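Visitor: Sequence:
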Amino acid sequence: LMYHWLVVLGLSGVSLSDVLRELEGRTRRSGIAEKASRPKG
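First residue of the sequence shown: 2, per the working numbering; consecutive thereafter.
Keep in mind that the hints are not guaranteed to be accurate.
What the hints assert, rightly or not - Here are the simulated SDA-like pairs of lysine to any residue, each with C-alpha atoms no more than 20 Å apart in a straight line: (1) LYS36 with GLU23; (2) LYS41 with GLU25; (3) LYS36 with LEU24; (4) LYS41 with ARG30.
I should point out that these hints are in silico values taken from the structure, not numbers from a laboratory.
Keep in mind it's a predicted model, so treat the numbers as computed, not measured.
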């Protein structure tokens, strides 16, 4: 399964380091904090 995701990422032009960076950023902030930081409207 991981192989297939790596192929899709490669074809999409997304590097594994980009994915890991995004995941790292998401684990630093809770869902409640994320929702509170969104603009109201």
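Visitor: Are the hints correct? Go through all of them and say.
Guide: Outcome of the hint check:
no., hint, in the structure
1, LYS36 with GLU23, "holds (17 Å)"
2, LYS41 with GLU25, "violated (26 Å)"
3, LYS36 with LEU24, "holds (17 Å)"
4, LYS41 with ARG30, "holds (19 Å)"
Checked against the numbered hints given earlier, the structure breaks only hint 2 and satisfies all the rest.
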